[in-house]
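Heads up: the sequence lines are chains A and B, in that order. First residue of the first sequence? That's 63 in the numbering used here, and the numbers climb one at a time after it. First residue of the second sequence? That's 63 in the numbering used here, and the numbers climb one at a time after it.
Hints listed in this document are in silico derivations from the structure and should not be mistaken for laboratory results. Note that the Cβ used here is the ideal one computed from N, Cα and C, for glycine as well. Some hints here could point you the wrong way.
As the list claims (entries may be wrong) - Simulated crosslink set (EDC-like; lysine to aspartate or glutamate; CA at most 20 angstroms straight-line):
| id | chain 1 | residue 1 | chain 2 | residue 2 |
| --- | --- | --- | --- | --- |
| 1 | A | K211 | B | E224 |
| 2 | B | K219 | B | E125 |
| 3 | A | K135 | B | E125 |
| 4 | A | K219 | B | E69 |
| 5 | A | K89 | A | E224 |
| 6 | B | K260 | B | D148 |
Claimed, not checked - Anything over 10 angstroms on all C-beta distances counts as not near chain A; from chain B, calculated:
| id | residue |
| --- | --- |
| 7 | Q107 |
| 8 | K243 |
| 9 | L250 |
These are the residues of each chain, in order.
There are 2 protein chains.
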Amino acid sequence: MAISQKEKAVCILSGGMDSTLVSYLAKNDGYEIVAVHFNYGQRTQQKELKSFRDICKALKVKEKYEIDIPFFKDIGASALTDETLDIPITGIEKGVPITYVPFRNGIFLSIATAIAEKEGAKVLFIGVVEEDSSGYPDCSDTFINMIQKAMNQGTKKETKLEIITPLVHLTKKDIVKKSIKLKVPLKLTWSCYANEKKACGVCDSCRLRLKGFKLAKAKDPIKYKIKKKKK
Amino acid sequence: MAISQKEKAVCILSGGMDSTLVSYLAKNDGYEIVAVHFNYGQRTQQKELKSFRDICKALKVKEKYEIDIPFFKDIGASALTDETLDIPITGIEKGVPITYVPFRNGIFLSIATAIAEKEGAKVLFIGVVEEDSSGYPDCSDTFINMIQKAMNQGTKKETKLEIITPLVHLTKKDIVKKSIKLKVPLKLTWSCYANEKKACGVCDSCRLRLKGFKLAKAKDPIKYKIKKKKK
Numbered sequence: 063m064a065i066s067q068k069e070k071a072v073c074i075l076s077g078g079m080d081s082t083l084v085s086y087l088a089k090n091d092g093y094e095i096v097a098v099h100f101n102y103g104q105r106t107q108q109k110e111l112k113s114f115r116d117i118c119k120a121l122k123v124k125e126k127y128e129i130d131i132p133f134f135k136d137i138g139a140s141a142l143t144d145e146t147l148d149i150p151i152t153g154i155e156k157g158v159p160i161t162y163v164p165f166r167n168g169i170f171l172s173i174a175t176a177i178a179e180k181e182g183a184k185v186l187f188i189g190v191v192e193e194d195s196s197g198y199p200d201c202s203d204t205f206i207n208m209i210q211k212a213m214n215q216g217t218k219k220e221t222k223l224e225i226i227t228p229l230v231h232l233t234k235k236d237i238v239k240k241s242i243k244l245k246v247p248l249k250l251t252w253s254c255y256a257n258e259k260k261a262c263g264v265c266d267s268c269r270l271r272l273k274g275f276k277l278a279k280a281k282d283p284i285k286y287k288i289k290k291k292k293k
Numbered sequence: 063m064a065i066s067q068k069e070k071a072v073c074i075l076s077g078g079m080d081s082t083l084v085s086y087l088a089k090n091d092g093y094e095i096v097a098v099h100f101n102y103g104q105r106t107q108q109k110e111l112k113s114f115r116d117i118c119k120a121l122k123v124k125e126k127y128e129i130d131i132p133f134f135k136d137i138g139a140s141a142l143t144d145e146t147l148d149i150p151i152t153g154i155e156k157g158v159p160i161t162y163v164p165f166r167n168g169i170f171l172s173i174a175t176a177i178a179e180k181e182g183a184k185v186l187f188i189g190v191v192e193e194d195s196s197g198y199p200d201c202s203d204t205f206i207n208m209i210q211k212a213m214n215q216g217t218k219k220e221t222k223l224e225i226i227t228p229l230v231h232l233t234k235k236d237i238v239k240k241s242i243k244l245k246v247p248l249k250l251t252w253s254c255y256a257n258e259k260k261a262c263g264v265c266d267s268c269r270l271r272l273k274g275f276k277l278a279k280a281k282d283p284i285k286y287k288i289k290k291k292k293k
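Using the sequences and the hints given, assemble the complete structure.
Right, dumping it as structure tokens:
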């Protein structure tokens, strides 16, 4: 019997809860994961990189790319990469927040496209969440469809890439529930925007995460600096 | 009288003949140029960077970004970034050549989008050439239109970017003629794929350039290693 070669899937894996679940979904679909992580000068670069590596180990990923793109720090314009700007901690507001990094997913997807083309992968997983999200314009279904068209037009004829976004229409509650059901090691993930030993519990990312756990009636296994409010 | 502020144009400027002409066209259109250059581990990185800086000086550019994206060297798969692959010197063949760098313009344009959004620029110039080119899939008009749509969808609502490609339907002959007419300092430009003191004269890029000068009945001001054939 011939050994069947698994199809490759490029998974953009930040080390957060969403991209970790997405990588587990890709693995469950039978793909061989090519994990791609970006060090973009974000405050929590070291924390996220550690989460990425721990999750790759847990997933038994054979091939991983750790891509350095230090230029976001030069471009600035986001509280995630510019430490002179404060991370908002007073609650999620309407509109595009100051933590928005200009066209981050556009850049991540373009680089992942080059990797997919080189690796001969036909699918590319990304954990964007449109509903119940931080209001970033590069997380919508419409954007993903448009960039997928551009990617296929701008690469070799034989490169036919599909972007798979299993979470795009899920709420954080759904994401927590699904992660628990699939035994995703949520304790290895890092979501907080602040670079502290424990998660701050009050930035937009912590708030969304904690809200998800609360609504899913589950306990977040990571440690928080600020005591969680009683349910 | 109030001092009128010039509108900004982000210009992707490699230091080759095409992007240099494009930057001069942007300048002639009255834009204040924000020049963007990429060091992507290409063989001729130092040569191109020198050309970029010299041209910025000639153009009196006030704002420039030199963006390091070393990951293309890790991805490999192109003779421009992988020195174990030979640069073809036997003439231009049909199809996508081995010098194709996976989705290079997609990545360049995505990063330039982030810069344009930060700088508040409304236009983005790139010197892609569709006809009379090396056969790269990310140089076509169709691709540019598709990625422009994705860029505007994936950025803030107030960010409305137009990609301007003044050369896309020109031949190399036209490009040489136009450059001479506009007194573009072609002697500062570098096109060759090989990393030698003088241009090789036989790689695809040199061939296209020399063909352009020949058809334009003009003399290329840069030095070549191989004696140019008689017309």
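A quick look at each hint next to the structure:
For the hint pairing A/K211 with B/E224, the CA-to-CA distance comes to about 18 angstroms; that is within 20 angstroms, so the pair holds. Of the supplied pair hints, the one linking B/K219 and B/E125 is violated, its CA atoms being roughly 25 angstroms apart against a limit of 20 angstroms. Taken as a hint, the A/K135 and B/E125 pair is honoured in the structure, with Cα atoms around 16 angstroms apart against an allowance of 20 angstroms. Only pairs whose Cα atoms come within 20 angstroms are accepted, and A/K219 paired with B/E69 is rejected, the gap being roughly 38 angstroms.
Note on A/K89 and A/E224: the hinted pairing holds, with a Cα-Cα distance of about 16 angstroms set against a maximum of 20 angstroms. Restraint check for B/K260 and B/D148: the C-alpha separation of about 18 angstroms stays at or below 20 angstroms, so the hint holds. With a least beta-carbon separation of about 16 angstroms from chain A, B/Q107 lies farther than 10 angstroms from that chain, consistent with its non-interface assignment. Non-interface status of B/K243 relative to chain A is upheld: no Cβ of that chain comes within 10 angstroms, the nearest being about 31 angstroms off.
Consistency note on B/L250: stated as away from chain A, and its beta-carbon is indeed over 10 angstroms from all of that chain's, at 25 angstroms minimum.
The earlier numbered hints that this structure contradicts are 2, 4.
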